[in-house]
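Colleague: Below, each chain spelled out in residue letters.
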Amino acid sequence: MTALTRRHFIAAAAVAMPWFHAQAQSGTRLRCFWWGNPDRDKRTRNLLNTYARSNNLQISAESLGWGEYWTKLGTQVAGGNAPDLIQMDYRYIFEYARRNTLFALDKLLPLADFSPYDRDSGKVDGKLYGVSLGSNSKALVYDTGTLQKVGVKSMPSDLTWDDFGRIAGEISQINLGKYWGSSDSSRLEQVFEQWLNSGSKLLYTADGKVAFTPDDVAAWFDLWDKFRKAGVIPPADVGATNNARVEEYEITRGLAAMSFIHSNQLLAFQALNKNKLAIAMYPRVKGGSPGHYVKPAMLMSVSAKSKTPEEAAKVINHMVTSADGVKTLGLERGVPCSATARAMLLPEADELGKQQIEFVAMVAKAATPLPPPPPKGAGEIENLLRRVADSVAFGKVSLKDGARQFHAECVNILARA
Amino acid sequence: MIRAKTLFIHAALIGATFVMLYPLLWMAASSFKPESIIFTDLSILPPRFDFSNYVQGWHALQESFTVFFSNSTLIAVLVVIGNCMSCSITAYAFARLQFRGKRFWFVVMLGTLMLPYHVTLIPQYVLFQQLGWIDTFLPLVVPKFLAADAFFIFLMVQFFRAIPRELDEAAVLDGCGPWRIYWKIMLPLSLPVLATTAIFSFLWTWNDFLGPLVYLNDTSLYTVPLALRAFVDSAGQSAWGQLFAMSVLAVLPIFLVFLFFQRLIIEGVAHSGMKR
Amino acid sequence: MNASAKRARWRRDLIGYAFLAPWLIGFVVFSLGPVLASLYLSFTKFDLLTTPQWTGLDNYVRMFGSDVRFWHALKVTFTYMILEVPLKLTFALLVAMALDKGIRGASLYRALFYVPSLLGGSVAIAVLWRQLFAGNGLVNQVLLWAFGIQGPAWIANPDTSLYTLVLLAVWQFGSPMIIFLAGLRQVPHDLYEAASMDGAGAWRRFRKITLPMLAPVVFFNLVLQVIEGFKAFTPAFVVSSGTGGPVDSMLFYTLYLYQEAFAYFRMGYASALAWVLLIVIGIFTAISFFTSKYWVYYEDDSR
Numbered sequence: 001m002t003a004l005t006r007r008h009f010i011a012a013a014a015v016a017m018p019w020f021h022a023q024a025q026s027g028t029r030l031r032c033f034w035w036g037n038p039d040r041d042k043r044t045r046n047l048l049n050t051y052a053r054s055n056n057l058q059i060s061a062e063s064l065g066w067g068e069y070w071t072k073l074g075t076q077v078a079g080g081n082a083p084d085l086i087q088m089d090y091r092y093i094f095e096y097a098r099r100n101t102l103f104a105l106d107k108l109l110p111l112a113d114f115s116p117y118d119r120d121s122g123k124v125d126g127k128l129y130g131v132s133l134g135s136n137s138k139a140l141v142y143d144t145g146t147l148q149k150v151g152v153k154s155m156p157s158d159l160t161w162d163d164f165g166r167i168a169g170e171i172s173q174i175n176l177g178k179y180w181g182s183s184d185s186s187r188l189e190q191v192f193e194q195w196l197n198s199g200s201k202l203l204y205t206a207d208g209k210v211a212f213t214p215d216d217v218a219a220w221f222d223l224w225d226k227f228r229k230a231g232v233i234p235p236a237d238v239g240a241t242n243n244a245r246v247e248e249y250e251i252t253r254g255l256a257a258m259s260f261i262h263s264n265q266l267l268a269f270q271a272l273n274k275n276k277l278a279i280a281m282y283p284r285v286k287g288g289s290p291g292h293y294v295k296p297a298m299l300m301s302v303s304a305k306s307k308t309p310e311e312a313a314k315v316i317n318h319m320v321t322s323a324d325g326v327k328t329l330g331l332e333r334g335v336p337c338s339a340t341a342r343a344m345l346l347p348e349a350d351e352l353g354k355q356q357i358e359f360v361a362m363v364a365k366a367a368t369p370l371p372p373p374p375p376k377g378a379g380e381i382e383n384l385l386r387r388v389a390d391s392v393a394f395g396k397v398s399l400k401d402g403a404r405q406f407h408a409e410c411v412n413i414l415a416r417a
Numbered sequence: 418m419i420r421a422k423t424l425f426i427h428a429a430l431i432g433a434t435f436v437m438l439y440p441l442l443w444m445a446a447s448s449f450k451p452e453s454i455i456f457t458d459l460s461i462l463p464p465r466f467d468f469s470n471y472v473q474g475w476h477a478l479q480e481s482f483t484v485f486f487s488n489s490t491l492i493a494v495l496v497v498i499g500n501c502m503s504c505s506i507t508a509y510a511f512a513r514l515q516f517r518g519k520r521f522w523f524v525v526m527l528g529t530l531m532l533p534y535h536v537t538l539i540p541q542y543v544l545f546q547q548l549g550w551i552d553t554f555l556p557l558v559v560p561k562f563l564a565a566d567a568f569f570i571f572l573m574v575q576f577f578r579a580i581p582r583e584l585d586e587a588a589v590l591d592g593c594g595p596w597r598i599y600w601k602i603m604l605p606l607s608l609p610v611l612a613t614t615a616i617f618s619f620l621w622t623w624n625d626f627l628g629p630l631v632y633l634n635d636t637s638l639y640t641v642p643l644a645l646r647a648f649v650d651s652a653g654q655s656a657w658g659q660l661f662a663m664s665v666l667a668v669l670p671i672f673l674v675f676l677f678f679q680r681l682i683i684e685g686v687a688h689s690g691m692k693r
Numbered sequence: 694m695n696a697s698a699k700r701a702r703w704r705r706d707l708i709g710y711a712f713l714a715p716w717l718i719g720f721v722v723f724s725l726g727p728v729l730a731s732l733y734l735s736f737t738k739f740d741l742l743t744t745p746q747w748t749g750l751d752n753y754v755r756m757f758g759s760d761v762r763f764w765h766a767l768k769v770t771f772t773y774m775i776l777e778v779p780l781k782l783t784f785a786l787l788v789a790m791a792l793d794k795g796i797r798g799a800s801l802y803r804a805l806f807y808v809p810s811l812l813g814g815s816v817a818i819a820v821l822w823r824q825l826f827a828g829n830g831l832v833n834q835v836l837l838w839a840f841g842i843q844g845p846a847w848i849a850n851p852d853t854s855l856y857t858l859v860l861l862a863v864w865q866f867g868s869p870m871i872i873f874l875a876g877l878r879q880v881p882h883d884l885y886e887a888a889s890m891d892g893a894g895a896w897r898r899f900r901k902i903t904l905p906m907l908a909p910v911v912f913f914n915l916v917l918q919v920i921e922g923f924k925a926f927t928p929a930f931v932v933s934s935g936t937g938g939p940v941d942s943m944l945f946y947t948l949y950l951y952q953e954a955f956a957y958f959r960m961g962y963a964s965a966l967a968w969v970l971l972i973v974i975g976i977f978t979a980i981s982f983f984t985s986k987y988w989v990y991y992e993d994d995s996r
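Keeping their order, the protein sequence lines are chains E, X and A. With the first letter of the first sequence counted as 1, position 317 gets the number 317 in this note's numbering; the numbers rise by one all the way through. Add 417 to the 1-based position in the second sequence for this note's numbering, that's all there is to it. Add 693 to the 1-based position in the third sequence for this note's numbering, that's all there is to it.
Hints are computed from structural coordinates only; laboratory data are not their basis. One should not assume that every hint holds.
[Unchecked claim] To give an idea of the chain E side of the interface with chain X (calculated C-beta under 7 Å), a few residues:
1. Gln58
2. Glu62
3. Gly165
4. Gly169
5. Gln173
[Said to hold, decoys possible] 25 Å max Cα-Cα, derived DMTMM-like pairs, lysine to aspartate or glutamate:
6. A:Lys699 / X:Asp585
7. E:Lys396 / A:Asp751
8. E:Lys72 / A:Asp740
9. E:Lys376 / A:Asp751
10. A:Lys738 / E:Asp113
Heads up, the beta-carbon is just placed ideally off N, CA and C, and yes, glycines get one too.
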């Protein structure tokens with residue numbers, strides 16, 4: 001009996017060790033989790049390491065691609081071990097805040113330097129749950145060299161979809177079958193939203209219901225179907241593996257000249273692209289409004305279960321107001337909301353940086369007001385559009401059926417949430 | 418005397434073996450090739466043995482693969498110990514001891530063999546969440562100390578039944594209680610089945626993906642399969658050479674175990690199919 | 694029964710249960726409890742952060758009535774199994790028979806053919822497979838080099854992606870092959886000799902001797918492979934990056950269940966999905982055992 005108990009004990013101790021090890025590490029330990037790309041990851045890690053060293057902390061830095069981020073985050077939150085610092089998105093913050101998984105930061109972060117608009121962008125039901133790390137707007141990124149080949153020096157910002165199709169079509173003729181004018185963006189919810197907004201429609205109503213009709217969806221699919229048939233965009237299997245990572249986009253892979261992204265991603269894309277890139281607004285519906293608005297690119301929140309919310313809040317403060325934080329992160333996460341931060345970056349901004357800042361300023365001037373906050377399930381709908389749009393693109397389902405399916409499933413998702 | 422038919426069979430077998438193993442050989446070879454030629458070079462012999470993929474791949478993720486390999490090893494070793502201990506005790510109870518309800522529990526135990534993990538996965542997750550064991554190794558290891566793998570219990574019961582009872586009886590005459598019979602007689606004689614249990618436990622745990630996927634969140638706790646998948650997702654199109662190098666290292670332990678214990682493994686598989 | 698005999702029996706039971714205790718505890722905590730809990734959860738709406746809400750049959754109604762992905766996942770899983778199980782078993786049997794001829798090096802071949810099975814379920818192999826069948830992957834390179842044809846992007850196209858997984862499964866025929874070999878070894882060779890002396894050709898010998906004698910092994914392999922097929926998860930997950938895509942073409946039932954449970958936190962619904970799967974597997978196993986009466990004969994059988 002003695003031999004058995006002893007062995008049992010050793011085994012139990014060995015098993016418990018990793019668990020204890022995590023608790024026993026010296027000093028306060030914080031975990032920061034964000035979705036990123038190689039450029040953002042490098043900057044963020046630098047910032048966190050420097051901050052940790054000078055404040056005698058341990059900060060564990062974790063990042064994933066957008067595609068896997070929300071699943072992983074959900075698992076951690078549900079498992080009771082959410083990271084202390086969580087990067088949030090406009091689509092998800094309402095859901096997470098309303099499920100009491102985020103810490104209310106009003107007292108810890110007054111954000112005096114932010115404009116009320118920017119401060120409010122992180123508020124849910126009146127309380128501050130996320131700090132905007134930068135503003136952005138949707139942006140059409142294009143390869144300036146290729147565009148010049150078809151006689152476009154710089155993309156105008158009042159392009160219609162017809163103009164867009166024409167230009168992209170000309171580009172596709174350059175290297176027929178191997179290079180296309182634009183990537184297939186029928187599957188991107190952000191572009192669909194802008195298309196709706198441009199036509200004075202909305203994605204969601206203020207009370208969290210679907211605001212578009214199946215006919216809208218059918219028209220959307222039809223727009224891209226025409227492009228596909230004309231060879232303006234690549235066939236379905238080229239873009240189907242794009243899980244929203246910078247390396248997976250057709251423009252980075254040298255397969256298309258234009259892609260639909262957000263203005264802050266310009267830096268990340270340029271870092272991976274040899275050709276010179278520039279941004280412009282998305283095309284608009286004929287006679288419609290630009291359909292663009294300025295929104296927080298991403299927010300930083302603190303977990304409701306964090307053991308060190310004050311420390312976490314200090315890190316956020318450092319990120320958005322301190323010279324070191326602001327300069328390290330730069331414009332990669334968007335144009336900073338704090339006026340002081342902008343003042344720090346503007347003089348030293350390189351061409352890309354200036355482009356981004358001017359772009360956001362231009363959108364702000366022509367702005368459509370911020371649409372209603374996305375309801376719970378908006379993230380799932382983003383995935384759904386990918387699936388259904390691919391289904392249509394591969395010819396698995398007709399336009400009308402696909403549109404109906406998408407609409408019905410959206411209603412379903414929102415109802416269940 | 419070589420008949421044409423035998424020659425034909427050999428040729429077919431050699432051909433089949435080559436085709437089957439080609440992907441593996443190619444992957445191993447590619448791990449020694451520079452990134453630029455991997456996708457265009459079909460040969461299974463690299464131009465020279467370049468270890469840079471291994472060196473870079475080892476450190477490519479946030480944590481080095483040292484962490485991942487030690488995690489995998491720790492979990493695998495604990496599972497092996499747990500399985501050997503708990504399954505042998507349970508098998509001993511079923512094979513040698515008499516108690517009311519034994520047949521009932523035996524059937525129940527066999528029943529759990531047929532239970533797919535999907536049904537228990539979610540409630541187990543909830544249980545571990547309530548216990549605060551998420552993001553630790555505990556959910557992966559503790560059940561093994563409670564004889565969760567009915568397959569091994571079954572294997573051992575078959576084995577114990579074949580051990581002659583005279584040995585037990587002689588021990589009883591010498592004044593041994595059931596524990597000492599288990600400890601001093603059954604176990605020492607069971608080395609073959611314990612070895613089989615240990616080997617298969619190790620193999621299955623080393624390759625286990627769903628368990629760690631669900632229960633381990635912190636990168637520093639990742640096992641090798643989880644790390645490989647994170648590698649694929651983060652390196653995307655650009656670092657296949659390194660990824661292959663790490664994959665080769667990931668399957669190396671399995672290979673080595675197979676090399677040394679081939680006979681046992683194959684016999685274990687063969688016996689699992691035999692109804693006696 | 695007198696008092697001392699009763700005491701002896703109590704003592705005997707106590708010892709028995711003492712040894713059985715670890716398993717019993719494990720069974721109740723990790724098997725019985727969870728099975729009952731998941732049955733309960735399947736009738737609730739539960740997202741892990743709040744207490745489960747009883748919703749009655751809602752989950753099941755939704756599953757069978759309006760859940761397109763559910764039917765799709767079933768279809769994908771069944772297609773996968775209908776393709777891989779027969780192919781895998783056929784290869785396993787063919788190669789086992791070739792190896793049973795008493796040729797030299799049989800044990801080496803046996804080991805080599807088993808290697809894929811050994812590695813097959815691992816992430817490393819799934820990762821390799823993903824690369825093999827990518828647009829610019831090894832398979833297309835070989836096709837180009839050997840036949841000059843440009844293959845499609847196998848895993849990016851919903852029409853072909855599932856077949857890459859089928860191929861991965863069939864590649865692992867080594868495991869059932871070993872079981873077949875063991876079974877073949879038990880077929881007495883004098884039966885074959887007698888038959889060939891009577892003028893029976895190879896095909897007849899196979900049909901009349903090998904198959905019937907192997908029937909229990911075939912049955913065992915069949916049930917085992919089908920159950921393994923239902924459990925398949927890692928290849929589908931890794932090859933599709935967890936999405937089951939493109940267009941859910943690789944959405945195995947297990948993957949769908951995982952997504953519902955751990956991506957969308959619909960634990961109640963996922964539990965319902967798990968129970969439906971359990972029932973499907975149960976029905977299949979019951980049918981197999983029932984029909985086995987008609988084609989499987991055991992040596993010790995009086996049936």
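Colleague: Holds or violated: are the alpha carbons of Lys699 of chain A and Asp585 of chain X at most 25 Å from each other?
Modeller: Distance ~23 Å between Lys699 of chain A and Asp585 of chain X Cα, so the pair holds.
Colleague: At a threshold of 7 Å, is the proposed contact between Gln58 of chain E and chain X supported by beta-carbon distances?
Modeller: 12 Å, violated
Colleague: Does the structure keep Lys72 of chain E and Asp740 of chain A at a Cα separation of 25 Å or less?
Modeller: Holds. Lys72 of chain E to Asp740 of chain A sits at ~15 Å (cutoff 25 Å).
Colleague: For the pair we were handed, Lys396 of chain E and Asp751 of chain A, check the Cα-Cα distance against 25 Å.
Modeller: Violated, at roughly 30 Å.
Colleague: Given Glu62 of chain E as an interface hint, is its Cβ closer than 7 Å to any Cβ of chain X?
Modeller: At about 6 Å, which falls below the 7 Å cut-off, the nearest Cβ of chain X leaves the hint on Glu62 of chain E intact, so it holds.
Colleague: Taking the least C-beta to C-beta distance, is Gln173 of chain E closer than 7 Å to chain X?
Modeller: 27 Å, violated
Colleague: Given the proposed pairing of Lys376 of chain E with Asp751 of chain A, does the C-alpha separation stay at or below 25 Å?
Modeller: Holds: Lys376 of chain E and Asp751 of chain A sit about 20 Å apart, inside 25 Å.
Colleague: Taking the closest Cβ pair, is Gly165 of chain E under 7 Å from chain X?
Modeller: 29 Å, violated
Colleague: Under the criterion that the straight-line Cα-Cα distance not exceed 25 Å, is the pair Lys738 of chain A, Asp113 of chain E satisfied?
Modeller: 43 Å, violated
Colleague: Taking the closest Cβ pair, is Gly169 of chain E under 7 Å from chain X?
Modeller: With a closest approach of 28 Å, the Gly169 of chain E hint is violated.
Going through the hint list in order, the structure does not satisfy hints 1, 3, 4, 5, 7 and 10.
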